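Chains as they are written, first to last, in the UniProt record's numbering: chain H, 1 to 329; chain Z, 1 to 332.
Source of the hints: derived by calculation from the structure; they are not laboratory data.
Bear in mind the structure is a predicted one, so any value in this text is a computation, not a measurement.
Each residue gets a CB set at the ideal place from its N, CA and C atoms; glycine is no exception.
Keep in mind that the hints are not guaranteed to be accurate.
[Stated by the list, open to error] Listed below are several chain Z residues computed to face chain H (Cβ distance under 7 Å; list not exhaustive):
#, residue
1, Val-11
2, Gly-76
3, Thr-117
4, Leu-290
Below are the chains, spelled out letter by letter.
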Amino acid sequence: MTETTTATDLLALHETMAVIRRTEKAAHDLFLSGLVKGTTHLAAGHEAVAVGTRAALKDGDYAFATYRGHHHAIAWGATPEECLAELMQRSTGLNKAKGGSMHLTKAEAGMLGSYAIVGAHLPMAVGAAWSARLRKTDQVAVAFFGDGATNIGAFHEALNLASVWKLPVLFVCENNFYMEYTPIGSVTGVGNPAADRAPSYGIPAEVVDGNDVVAVRDAVARAAGRARAGDGPTVLEAQTYRHYGHSRTDPAKYRPDGELERWMERDPLTVSAGRLRESGTSDDDIKAAEDRAAAVVEQAVAAAKAAPQADLGEAFTDVWADGGAAWRT
Amino acid sequence: MADVTTAQDVVTYRDSVAEGIAREMRRDPSVVCLGEDIGAAGGVFKTTVGLFDEFGPDRVWDTPISEQAIVGAAMGAAMTGMRPVAEIMFSDFLACCWDYLANEIPKVRYMTGGQVTVPLVIRTANGGGLGFGAQHSQSVENWALTVPGLKIAAPSTPADVVGLMASAIRSDDPVVFFEHKGLFASKGAPAPDGHVVPFGQAAVLREGTDVTLVALASTVPLALTAADRLAAEGVEAEVVDLRCLIPLDVSAVLRSVERTSRLVVVEENPFQGGWGGTVVSVVADEGFELLDAPVKRVAGANVPLPFADALEDQVIPTVDKVVDAVRSLATY
Ligand SMILES: Cc1ncc(C[n+]2csc(CCOP(=O)(O)OP(=O)(O)O)c2C)c(N)n1
Chain H
1 MTETTTATDL
11 LALHETMAVI
21 RRTEKAAHDL
31 FLSGLVKGTT
41 HLAAGHEAVA
51 VGTRAALKDG
61 DYAFATYRGH
71 HHAIAWGATP
81 EECLAELMQR
91 STGLNKAKGG
101 SMHLTKAEAG
111 MLGSYAIVGA
121 HLPMAVGAAW
131 SARLRKTDQV
141 AVAFFGDGAT
151 NIGAFHEALN
161 LASVWKLPVL
171 FVCENNFYME
181 YTPIGSVTGV
191 GNPAADRAPS
201 YGIPAEVVDG
211 NDVVAVRDAV
221 ARAAGRARAG
231 DGPTVLEAQT
241 YRHYGHSRTD
251 PAKYRPDGEL
261 ERWMERDPLT
271 VSAGRLRESG
281 TSDDDIKAAE
291 DRAAAVVEQA
301 VAAAKAAPQA
311 DLGEAFTDVW
321 ADGGAAWRT
Chain Z
1 MADVTTAQDV
11 VTYRDSVAEG
21 IAREMRRDPS
31 VVCLGEDIGA
41 AGGVFKTTVG
51 LFDEFGPDRV
61 WDTPISEQAI
71 VGAAMGAAMT
81 GMRPVAEIMF
91 SDFLACCWDY
101 LANEIPKVRY
111 MTGGQVTVPL
121 VIRTANGGGL
131 GFGAQHSQSV
141 ENWALTVPGL
151 KIAAPSTPAD
161 VVGLMASAIR
171 SDDPVVFFEH
181 KGLFASKGAP
191 APDGHVVPFG
201 QAAVLREGTD
211 VTLVALASTV
221 PLALTAADRL
231 AAEGVEAEVV
241 DLRCLIPLDV
251 SAVLRSVERT
261 SRLVVVEENP
271 FQGGWGGTVV
281 SVVADEGFEL
291 LDAPVKRVAG
301 ANVPLPFADA
311 LEDQVIPTVD
321 KVVDAVRSLA
331 TY
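With the hints as constraints, model all of the structure from the sequences given.
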């Protein structure tokens, strides 16, 4: 923990993680009750990566996420109500019900989208960092991605390009040790899929405890400091674990006995609560924060359920910048 | 291209590419270029000559051979306030970054409910006729046409290169800009100052009463030459240069068919899935009564492009094929 971290800061991080956890649980329950269709890729277990990263950055810094992006959207300011309304195909959804779980986006807050093609958004983050440089702002861009994305060509092209131009971009790998159903180690030639590759592109790397929000925040703060000083990109490999299967149809039977239980002992909320207690926060205060999170999500579920269904006219808007979809004159 | 060799003031299609980009870079500091060899080297087709000297390495960025990163980075820059112009050297290489054209760039505005805008241009050298073989000669505008969310320009004259480039770079929507390899050396009148050709406005390059030839990029000079030859036989062909595929000026085609009552579409991309299929389907649907004969499509064959000139001629549109198609209609 850095000296500047106050108990209040820690409690705020804890509360945001609790909001995300509750939202994921709500999404899960709404799926089971038939109110969320399609698929969801829940990020329960990954909360500390998103929340810790956001906490180390400034307003206006960019984020690019994957189809597993509920936690990033909420960390960047999307409300549980907007997110759940989107999942439930409501007109009040974050993306007007045109994106769904895999595409949550909060552009006004710098969260520039969730991309469902593995690895595709890494070059975009490089481009956003290039743009920040050209516009002479001190913004940094973060790409969040899974361990599986490190074997995609775009990952390698993006790292090299960012390195060549020393761009202010942070590559934050959420290594949950599985790419879909296959253990990453069984299909990857190095032990740390992101961090081990970084040096070959001349990029510094760090392996971080991805279940410790403070460890993530501090590593991101170091990386962002380097980026803003003109020293270029960093690769952070945050080791973490997803509590659910890959997606809604995956019961995660492939996980060895005891693995989930071992990781649950180091659940991000458990780790964070322990730290709060150490720093003198009472159990009552922790519980009050968690209760507030639960209330926000409960209210969000009710509001999303009550919201009108997707507006049919929206099928033909937003293709072009003029708002329309015309392909002919 | 019909060379205007008598005019004093002629420019090449190739030089017009750099001229069109330079005009926009002077006008708008958010316009930046990136691509392989586009900087000091001036581009493998010499279409970016002078840009690096005038605008420097910050605005004219030589990239590694990384098509995904080039187009992906252009997208990220476009989403955050820049107007990037990305070069993909040969249009065949769009396949290496096809994810960005098919899945990322054209969809992000829609799937975010209008939150994100992607004002970028992807320029690329398209088409055959130079004997470059199957992996450097394809006409791939039909690839882009299959993807909702991309605008598509394909100029046939130097002035249109400049005018359409202005519209492409100023567009708040993503544009794929096809420069035809076979036209780079062709010449024509230079673009006047401030020249802008709006998207979705076809040009009638030759008026005629007997048949409408609809063409794009490389097939425009073919159609014009065919029209000259047909005129000698007493058949007056009207030649419509589409200039853009999206937005597609089908109104101009319908107006022309109203005058001529016959239609031949001349497209270099393969027949299967080619843009001519869309043009004729709209005419069949909305202009059926205007027609006095079946519609014809002269298109590329559904084979990889062969190397030898004589073989290539077998499979891409030629003047002879256009003339034959028109003759077959004239006697209908
Ligand atoms: C290019 C591409 N290939 C395959 C898929 C199917 N797919 C979706 S998620 C996934 C696993 C990705 O694993 P990882 O990058 O580790 O991310 P995680 O799901 O663990 O967050 C795969 C193979 C895809 N979406 N895109």
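Outcome of the hint check:
1. Val-11: Given a least distance of 28 Å, the restraint on Val-11 of chain Z is violated.
2. Gly-76: Hint holds; Gly-76 of chain Z Cβ to chain H Cβ min 3 Å, cut 7 Å.
3. Thr-117: For Thr-117 of chain Z, the interface hint holds, since the closest Cβ of chain H sits about 5 Å away, which is under 7 Å.
4. Leu-290: violated, 17 Å
In terms of the numbered hints stated before, the structure departs from hints 1, 4, listed from lowest to highest.
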